[in-house]
Amino acid sequence: MPEQKQELDPTHWLEKHGDVLFAHALRRLGNRDAAEEVVQETFLAALKGRDNYRQDGSEGAWLMGILKRKVIDALRARSQQATNVEDEDSLMANLFDANGHWSETAKRSGPLRLDSIERGEFRQILRECLRGLPPRQAAVFTLREIQEEPADNVCKELGITPSNLWVLMHRARLRLAECIKSRWSMGEA
807 MPEQKQELDP
817 THWLEKHGDV
827 LFAHALRRLG
837 NRDAAEEVVQ
847 ETFLAALKGR
857 DNYRQDGSEG
867 AWLMGILKRK
877 VIDALRARSQ
887 QATNVEDEDS
897 LMANLFDANG
907 HWSETAKRSG
917 PLRLDSIERG
927 EFRQILRECL
937 RGLPPRQAAV
947 FTLREIQEEP
957 ADNVCKELGI
967 TPSNLWVLMH
977 RARLRLAECI
987 KSRWSMGEA
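For the sequence shown, our numbering assigns the number 807 to the initial residue and increments by one for each residue that follows.
I should point out that these hints are in silico values taken from the structure, not numbers from a laboratory.
Given the structure is predicted, the values throughout are model-derived calculations rather than measurements.
No residue lacks a Cβ here, since even glycine has one placed at the ideal position from N, Cα and C.
Incorrect hints may have been included.
As a list, the in silico DMTMM-like pairs of lysine to aspartate or glutamate whose alpha-carbon atoms are at most 25 Å apart [as the list claims (entries may be wrong)]:
(1) Lys-874 <-> Asp-958
(2) Lys-962 <-> Glu-984
(3) Lys-874 <-> Glu-955
(4) Lys-854 <-> Glu-934
(5) Lys-987 <-> Glu-963
(6) Lys-987 <-> Glu-934
(7) Lys-854 <-> Glu-843
(8) Lys-962 <-> Glu-843
(9) Lys-874 <-> Glu-843
(10) Lys-962 <-> Asp-879
Each pair of labels, with its calculated beta carbon distance range [what the hints assert, rightly or not]:
(11) Pro-968 <-> Thr-817: 27 to 35 Å
(12) Pro-816 <-> Glu-934: 30 to 38 Å
(13) Asp-815 <-> Arg-875: 30 to 38 Å
(14) Ala-867 <-> Ile-952: 20 to 28 Å
(15) Asp-879 <-> Val-973: 40 to 48 Å
(16) Gly-871 <-> Glu-821: 34 to 42 Å
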């Protein structure tokens, strides 16, 4: 018996797929407004490109594929915003001494103890700290560490060189470590 081709049903996209698409976008972007915007852009792109739907896969999978590209576009747009170089310089000055070694302040903050914090609290603090990163660092860290994209894909998506990727990752990790340590020491979650 031949398989029946699935027709698109745009009138029910929001009802059938909206929650799943929104949840995925929110996990990736960490911001409700940005997630809503990306889901709306996904539906618009799907409407405009519905002639490209091959009907050999599910409607939901097709929409998710569009959403993933829109999320990457949103992260790329964030990363292209200006970064605050003075903040990066002051962070480096606080963490390292004139010889490039850990400063006394950084040494006193001690190791990060993951076993003393519940997963949910850590995730919440991590999301808050990610929002505080410069856009380009946040995009690189999210794509590379959270979404586990290969380095060459991240470079291609964001239009950066491999050496720039590693510099941005290093800076993002330093900022995140400082932010997470300070929030845990203050008991925030």
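Task: Ascending list of hint numbers which this structure does not respect - done: Hints 2, 4, 5, 11, 13, 15, 16 are the ones this structure does not satisfy, whereas the remaining hints hold.
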